[in-house]
Amino acid sequence: MRRRLRGLPAAVLSSPTAPLALLLVAAFVVIGVIGPGVWGDAAVKVRPDLAYQGPSARALLGTDSLGRDVLARTLAATRLSLLLAIAATCVATVIGVPAGVLAGLAGPRVRRWTARGVGLALAVPGILVALFLIAVTGPGNLGMVLGVGIGISPLFARAAQTLATSIAELDYMAAAKVIGVSRRRLLTRYVLLNTAEPLILQIGVGANLSLVAVAALSYLGVGVQAPDYDWGAVLHSGLEALYTSPLAAITPGAAITLAGVMFSLLGEAIARSLNPALRIAAGRKERTPRGTPANDDAPTAEKSVEAAMDNAPAVARIRGLQVEFGHGRSTVAAVRGVDLDIRAGEVLGVVGESGSGKSVTALALAGLLPPSARMRAATLEFQGVDLATAGRRARRAALANRLSVVFQDPMSSLNPLIRIGRQLTERVRVHDGLDRASALGRAEERLTTVGLSAPKRRLRQYPHELSGGMRQRAMIAMALMSDPALIIADEPTTALDVTIQRQILDVLLEVNDRSGTAVLFISHDLAVVGEICDRIVVMYLGRIVEVLDRAMLDSPSHPYTRALLGAVIDLDTDPASPLTTISGQAGPSDSASAGCPFAPRCPEAMERCRTEMPGLEPEAGVGHMVACWARTTAPIAERVG
Amino acid sequence: MSGLLTVDGLRVTYPGGERPLHAVDGVSLHIEAGTTLGLVGESGSGKSTLGRGILGLAPVTAGTVRLNGKDITHATAKARRDLCSQIQMVFQDPYASLNPRMPVGKAIVEPMAEHLSLSNRELRLESGRLLELVGLSASDANRYPFQFSGGQRQRIAIARALALKPSLIIADEITSALDVSVQAAILNLLRELQRETGVAFLFISHNLAVVRYLSDRIAVMNLGKIVEEADAGRLFSEPRHPYTSVLIGAVPRVHQREDALRPLQGDVPDPLHPPAGCRFHTRCPVGPAVRSDRGSCAVDQPLGESGPDGTVACHFPLTSSGRS
Ligand SMILES: Nc1ncnc2c1ncn2[C@@H]1O[C@H](COP(=O)(O)OP(=O)(O)OP(=O)(O)O)[C@@H](O)[C@H]1O
Ligand code: SF4
Ligand code: SF4
Ligand SMILES: [Mg+2]
Numbered sequence: 001m002r003r004r005l006r007g008l009p010a011a012v013l014s015s016p017t018a019p020l021a022l023l024l025v026a027a028f029v030v031i032g033v034i035g036p037g038v039w040g041d042a043a044v045k046v047r048p049d050l051a052y053q054g055p056s057a058r059a060l061l062g063t064d065s066l067g068r069d070v071l072a073r074t075l076a077a078t079r080l081s082l083l084l085a086i087a088a089t090c091v092a093t094v095i096g097v098p099a100g101v102l103a104g105l106a107g108p109r110v111r112r113w114t115a116r117g118v119g120l121a122l123a124v125p126g127i128l129v130a131l132f133l134i135a136v137t138g139p140g141n142l143g144m145v146l147g148v149g150i151g152i153s154p155l156f157a158r159a160a161q162t163l164a165t166s167i168a169e170l171d172y173m174a175a176a177k178v179i180g181v182s183r184r185r186l187l188t189r190y191v192l193l194n195t196a197e198p199l200i201l202q203i204g205v206g207a208n209l210s211l212v213a214v215a216a217l218s219y220l221g222v223g224v225q226a227p228d229y230d231w232g233a234v235l236h237s238g239l240e241a242l243y244t245s246p247l248a249a250i251t252p253g254a255a256i257t258l259a260g261v262m263f264s265l266l267g268e269a270i271a272r273s274l275n276p277a278l279r280i281a282a283g284r285k286e287r288t289p290r291g292t293p294a295n296d297d298a299p300t301a302e303k304s305v306e307a308a309m310d311n312a313p314a315v316a317r318i319r320g321l322q323v324e325f326g327h328g329r330s331t332v333a334a335v336r337g338v339d340l341d342i343r344a345g346e347v348l349g350v351v352g353e354s355g356s357g358k359s360v361t362a363l364a365l366a367g368l369l370p371p372s373a374r375m376r377a378a379t380l381e382f383q384g385v386d387l388a389t390a391g392r393r394a395r396r397a398a399l400a401n402r403l404s405v406v407f408q409d410p411m412s413s414l415n416p417l418i419r420i421g422r423q424l425t426e427r428v429r430v431h432d433g434l435d436r437a438s439a440l441g442r443a444e445e446r447l448t449t450v451g452l453s454a455p456k457r458r459l460r461q462y463p464h465e466l467s468g469g470m471r472q473r474a475m476i477a478m479a480l481m482s483d484p485a486l487i488i489a490d491e492p493t494t495a496l497d498v499t500i501q502r503q504i505l506d507v508l509l510e511v512n513d514r515s516g517t518a519v520l521f522i523s524h525d526l527a528v529v530g531e532i533c534d535r536i537v538v539m540y541l542g543r544i545v546e547v548l549d550r551a552m553l554d555s556p557s558h559p560y561t562r563a564l565l566g567a568v569i570d571l572d573t574d575p576a577s578p579l580t581t582i583s584g585q586a587g588p589s590d591s592a593s594a595g596c597p598f599a600p601r602c603p604e605a606m607e608r609c610r611t612e613m614p615g616l617e618p619e620a621g622v623g624h625m626v627a628c629w630a631r632t633t634a635p636i637a638e639r640v641g
Numbered sequence: 642m643s644g645l646l647t648v649d650g651l652r653v654t655y656p657g658g659e660r661p662l663h664a665v666d667g668v669s670l671h672i673e674a675g676t677t678l679g680l681v682g683e684s685g686s687g688k689s690t691l692g693r694g695i696l697g698l699a700p701v702t703a704g705t706v707r708l709n710g711k712d713i714t715h716a717t718a719k720a721r722r723d724l725c726s727q728i729q730m731v732f733q734d735p736y737a738s739l740n741p742r743m744p745v746g747k748a749i750v751e752p753m754a755e756h757l758s759l760s761n762r763e764l765r766l767e768s769g770r771l772l773e774l775v776g777l778s779a780s781d782a783n784r785y786p787f788q789f790s791g792g793q794r795q796r797i798a799i800a801r802a803l804a805l806k807p808s809l810i811i812a813d814e815i816t817s818a819l820d821v822s823v824q825a826a827i828l829n830l831l832r833e834l835q836r837e838t839g840v841a842f843l844f845i846s847h848n849l850a851v852v853r854y855l856s857d858r859i860a861v862m863n864l865g866k867i868v869e870e871a872d873a874g875r876l877f878s879e880p881r882h883p884y885t886s887v888l889i890g891a892v893p894r895v896h897q898r899e900d901a902l903r904p905l906q907g908d909v910p911d912p913l914h915p916p917a918g919c920r921f922h923t924r925c926p927v928g929p930a931v932r933s934d935r936g937s938c939a940v941d942q943p944l945g946e947s948g949p950d951g952t953v954a955c956h957f958p959l960t961s962s963g964r965s
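Protein sequences appear in the order of chains B and A. Each residue of the first sequence is one higher than the last, beginning at 1 in this note's numbering. Each residue of the second sequence is one higher than the last, beginning at 642 in this note's numbering.
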């Protein structure tokens, strides 16, 4: 919403009636603020001897029945009058708009019934509703505001319902439902944004109506009670002598009229500003998400690149992450206390055997853990938002546009029934409110980025019409759609050919290079990780055992990393000799003991290793961390291959 | 040659709506007993189909498959059952290839129970032995597939293939889903098994480093055709076919070398509409798209030229200096 409104001041100004609207708004605001202070005293000075006087130097617009200065009273009443009208409008909006929207989106039966109810409510004059409520609550501001608000709300409900019904049938709503957009989001991102323009017009008119209704009630003596007074009350005390001393009635009447004009014009100007064509034209500079200073909670890609160059802030901070699956006896601890920073703009590799918790760690960060998982974390921060403590909504908002995931199997993460184009554009259309044409334009651009030929044609194809490598590139294109700050790539090339793998790696590196998108690259293949990653995290049985720079990959410290490296087969491996393997196998039993989880398989294990758990400690190299009692930086003597 | 397996001009055709797809199009190859032939190529090049065609699991429309000199191309179902003890296959996806409702111990000895008359006790002992052979423990026999990791499942599938002591195992991407450490163990295992039992492998993989490590000879496949076949050492030190060189250059390594050929941009052509002439000519870095004097590549299909050091199907094979 914020981004949407950013171009607003400029767009408001572009309306032809805007100067008048703004002038009125400014005048009313100033008078409203200073009114009671400046004119308050003069307004209440009772001089019965000077009743119904014409204009004079003392009272520019004459006096009322008690000899009070009409102008001063009108000016001093501005604040209360406007506040009451605005409050009543708010009540009407809060009641009417949601009711109307919900009715508009409901099934045909509910829709029909609510339409009837609203129709009935509309038939009852709002002022009668207000009078009835005041009869219940007794005369006074609260009853009046509620009464007027409720009285006017059917008007808003009708407008909202009509609008919502009209867009409920449109394609993009259908698409949103298909992809499971939450009802809330459906309301805010689709219905409200698309009906905002006419709705706000309606609200402007409604404010005008409330203003008159409030004045009328006060005039009738059931609204604002003495010693307070609003324009209606001022009118009341001036109306008796309408024919002899018309200014006493005309002055508050004029104020009401002017304020009404202000509300209508303001509504019109704001509505105009929500028209995307005008908004984009007026707010062009601010429209792109990059480098918007107001966007405080989301470090942008450009910022990230700069930052990565000086002190590399973290895109994500994970502290004390623990994830368990299952229940009771069969509980499996998949992640057992992981601390990890993903720096902006870096390519961070996570290696480890299957079951070491690589994917689960990433899934926890992405909020994609299956329901059977139980997660605990001291900190699980993405772009400054702590996902562990944030509500579901805040979490969703934080992750929605800035974190993308590419999975190993592109086929299982693409919906086979939906065209590539639709799948690529769903997210940006839901979350960024991009229209179809520009979303498709962006999709085409991203497909080109990942090197797919004939991108326009691809958009119309179904996933099965693409080869595995093309699908994986389509997945990466999808991940790129919203300019993410972090791409989690979970074994993205494991299922692919070397030639395609090469292309995918190149694409990821290029994206990282060009837009500073951090990449969390999960793989069991040290050769791949060693080739593309700046930093490498080695996991074993749910824990990080070593963190090292790529440069150090030749001589890692941890026995497990060394073993992994020994097991890597590349084109230099000697076919004549057997491969280095890690004796035994990783299993939950290994972690039951208090000591180092790798101890049962470790060739260097000592007595201490079986009783004490080594912590992740800094080593000599920059950023080098190792969890091993026998840590050493000595090069590997006999690495095979 | 009187090898274990001889495939001659094999063509496997999938009937299709638009037109039939020759997923394997005139492939000849040869495996000596007790050796490993590696089969590499990109996805969709027809590697799996070739493996399945050999086993009669895919529709063979031309050519012959001979095992120990005996034509098994169109063996009857009954004959195939007997072939089970001679050729076995391990599949790519360990999640799909095991019956989820059967304890793995039972699954492993299924072929034995079918073909040999063994007592339950003997079967149990056998399953324990096979499980230990592939690095699991005999006590795992009563567990179900879902209780194992992908790597463990693949070991189980290998154990099952080994049960009948076959002379040839077709292994289709069996390490693709595995961790490097597990992969290393399985490759060591395959070698050991080969030394001990004399089993031959048709080892299908897209991972060149793995194929290089394990194979005696290697066949490179592109769009249904074998473009180069040679001794493993020669193939990697001196690739003759540009496609082979491209594949080798794409292998990730901790210290990337920049001297290998890179393929031209563009996708793998649709196998339904393979390019005319040399099927690699659209992406060939030394082909007609780059060299105007090599227009013939786009017209004439290069035939496999057998030489002393293997077969290469290219009009302009690379010379030993690495360039043609
Ligand atoms: N059952 C089938 N019906 C129709 N076409 C098929 C069938 N199975 C495979 N194909 C097609 O045959 C061609 C060769 O497929 P195959 O699976 O043999 O390739 P591959 O080299 O094993 O690839 P990968 O490395 O992805 O396993 C492909 O174009 C594929 O789409
Ligand atoms: S702490 Fe001991 S058992 Fe663990 S890795 Fe280090 S030496 Fe091996
Ligand atoms: S025949 Fe021509 S196009 Fe084909 S691989 Fe050889 S040089 Fe390249
Ligand atoms: Mg295959």
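Hints listed in this document are in silico derivations from the structure and should not be mistaken for laboratory results. A few of these clues could be false.
Per label pair, the in silico range of CB-to-CB distance [unchecked claim]:
| no. | chain 1 | residue 1 | chain 2 | residue 2 | range |
| --- | --- | --- | --- | --- | --- |
| 1 | B | 368 | A | 960 | 47 to 57 angstroms |
| 2 | A | 960 | B | 578 | 44 to 54 angstroms |
| 3 | B | 368 | A | 766 | 26 to 36 angstroms |
| 4 | B | 611 | A | 875 | 50 to 60 angstroms |
| 5 | A | 649 | B | 513 | 28 to 38 angstroms |
| 6 | A | 783 | B | 454 | 45 to 55 angstroms |
Computed from a predicted model, the values in this text were never measured in an experiment. Quick reminder that beta carbons are idealized off the backbone N, C-alpha and C, glycines included.
For each hint given before, does the structure comply? Return the numbers of the non-compliant ones in rising order. 2, 3, 5
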